[in-house]
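J.: Throw the hints in and build the complete structure from the sequences for me.
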Amino acid sequence: MAKTILTVDDSASIRQMVSFTLKEAGYAVTEAVDGQDGLDKARSGKFDLIFTDQNMPRMDGLSLIKQLRALPPYKSVPILMLTTESSDAMKSQGRAAGATGWLVKPFDPAKLLEVVRKVIG
Amino acid sequence: MSIDMSQFYQVFFEEAGENLAAMESLLLELDVEAPDLETLNAIFRAAHSIKGGAGTFGFSDMAEVTHVLETLLDRLRKQELAPTVEMVDAFLQAGDVLKSQLQAHQEGEEYEDSRVTEVCRHLERLARADNAEGDVPASSAGETQPAGTVEAESSVTHWRLAFEPAGIGQGTPDERRALFEALGELGRIQDIGTGETERCLWQLTSTAGRGAIEEILAFVCEPGQVEIDTIETLEAPAETEAETETAYGFFTDAPGLQGDAAFGEAASAPAPDQDELGYGFFEGAPGTEYGAEERTGASDSTPDQTQAFGFQAEILESDGYGFFRDAPGTEAAIDQEHSGYGLFGGSPGMDRVAAVAHQERLDDERGYGIFNSAPGSPESRLDDDASAPISTAASPAKSAMERESRAGNAPKRPATADSSIRVSVEKVDQLINLVGELVITHAMLADSAAGLDPVVHERIMAGLSNLERNSRDLQEAVMSIRMMPISFVFNRFPRVVRDTAASLGKRVTLKLIGEDTELDKGLIERLADPLNHLVRNSIDHGIERPEARLAAGKPETGEIVLRASHRGGSVVVEVSDDGAGLNREKLLAKAAKQGIPMPDNPSDKDVWQLIFHAGFSTAERVTDISGRGVGMDVVRRNIEDMNGRVEVDSTAGRGTHITIRLPLTLAILDGLSVRMGEEMFILPLTVIQESIQPRAEQFKTIVGKGRVVQINDEYLPLVSLHDVFSSGRPEPNLLDGILVIVETNEGRAAVLVDELVAQHQVVIKSLETNYRKVEGVSGATIMGDGRVALILDVDALVRLSRRAGG
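The listed protein sequences correspond, in order, to chains B and F. Counting in the numbering used here, the first sequence runs from 1 upward without gaps. Counting in the numbering used here, the second sequence runs from 122 upward without gaps.
Check the hints yourself; a few may be wrong.
Said to hold, decoys possible - Rough simulated footprint, nothing fancy, chain F against chain B, three-plus residues with beta-carbon under 8 Å: (1) 6-14; (2) 17-23; (3) 54-61; (4) 95-106.
Don't read these hints as lab results, they were simulated from the structure. Bear in mind that the values here come from a model prediction, so they are computed numbers and not experimental data. Built from N, CA and C at the ideal position, the CB exists for glycine as well.
T.: Structure follows, in structure tokens:
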């Protein structure tokens, strides 16, 4: 069965690119438009991997990660931040929030797949 | 697999356009004196989003501009700088540059202009300025983003302070708050920890040295109880480059680690003992945030630890990525830093990643298998993974849901209130077209059934009336897809007014009313130009200079009101100003000079209509804002092209009021079908005022004006469809016909028809697309009996009739 991935980003173009790339590679992808939507979708689904943007309306990526980690089903699901900030401060915040890793924007589809394959095969 | 990125361009263009528009309107509403943090954040987000997309899709010129934009915005939202009017101007200019760049990309070109570098330089200069080094309020410190990319000053250092509050007598939040604030005196302090009480992690951005920090800490604890490290900050611009390969910092906030030295090595040195691919192992342990027992456990199981740290930390770097490790023996705990992404060792989810990594090590296909063989069996990790909560769901309900979604292979998405999809306009238009056909089919069916006995064919009749209701509902629903709030046009005006007024040295405020009024997308797009012209005109010619206003006893600041509303089946858009108003004498003098015929005692309305004459401008001096004389006649033609009409009203000294009346949509029309001879015509309901049975004495012929009809002391031009369309048949007796009084742009007129048939909604089909443009006719429709009826354009009819008769 296809692995499921949730991609949370308020930018429709990035979302579509991520979603298209992952679907082409055979993953089942669900899109969410912001942190709150991501949380709702995560609650009502089951995902093997979650990508989230940091800067989003309603709920940002770090808050989303914190909230997800509080949910038993997502305690140990890999969650990666898509971020334009690769500063140490950002990373340590991500780590503190419970992120599994990060992927710097801009990235290309090949890089995305490399990461996904690395993380969930 | 290679993915064609260009397929996402369109979405990016739309999204970037929306973000730019949002940014602009937020900037315009930003109160520089009392900036709203939420607004600043939203502006930042818009810029940030554009930057992310532009970078991803390879529009590096836009990414560069948004980067400098974002840098300054970031300082604003962090309250390091206070916004100024100059900044807002610079932001707006940057927005303009981005719009130009976006448009160029949409056309497959590159936008090259010196403006780009000018704007960027300006923004950079503003971002460097240090006008208000405001402290971040402690209350919001928890949420505040750490700096990281913004500080341009080289003397500023980011200090990371890690401690166990209970261990230094700072167990209560209040105690911590006091220390937090004390440290805040040195610069900007932020809580970057997890919020756990066992361990605190603060970041202090300050020009102060280690000594100053230790001095403050000395009040509460022994030296060494609080770990003080510096954090290197990466140069921000690297992020915007397409190649981020080398732009990685390595996160090594190791407790007990002599931060400066160890970190320095980690951050600056590439993998010391590895090849180009860059696999490297660093000493340096991340994981300050992890619970103590985790660390203890880790070191217990790894007897071969470096004694100095109590546990070993490694960074595996490959082709720019690396793995940090704080608990050897479990790949899960390795921080991995790759080119452009990284994984946090020991973080939630890593055990799953580790399982994969373990497999990869076995396969060793891509060379990820160079983890230190460490004590601790990966299998035990896998066991852990198996017992991870996800597979043993917390509640039966949850696991049921999981099963269900697994079975469905795609998790059911809950309907969210704001979920929407993007559909191309063509698809919607096709839908509208099909509904139009359905309406016509229904009309035909109804026509055929008209001859049936309703008692005998009761069920058919009932079915038909159901069909009618359903197709009307369907039609409305489909039409509503194309409807957009007029705010799409209105929203550009705050900027237009701001810029125009500023360039003319006038003070003008803009009031928008009824922005939610919806009308057809096609109309909205075509409304933009005429409105733009009217608004600029109002500012240029209507609103007086501040001195003149004060002298006239008016407030210094003029006001322009844009109002939209639904009235009957049409949308009314009004542009009014409280300026000087139109000057009757000037207009008449100008008309005389240009040889425009005017009645002896023209009404105000006649005079105001003069401004719509081609080449008619009363402005004494031509400005680049308006007044080239190509304005108002074009405005009127644009609006007439939309089946709309425009009226002017003005009071000297009080202002001018322009009213535009538009149909709701260009696809469907409420019309009255009229018969003339054998032909059917449709008159738009919006133009009809009344219809009367004429008497012989009402018809008169006036030299130079042709035939007229006298109605209540008013002589209206008579439009005979026979004349206009040269039916070729002899004209029937005038007294047998019916006069429909219509409102045109040149006043009222009477259209002579044989018979009024019925009122109905008709689907407008373009004659131009299907045949060619015919003067006097705005379109055609298919009637219930299958015949084609022409939709009359009364304005053109009057012109034609005058030509034919005169």
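J.: Any hints this thing doesn't respect? Which numbers, in order?
T.: none
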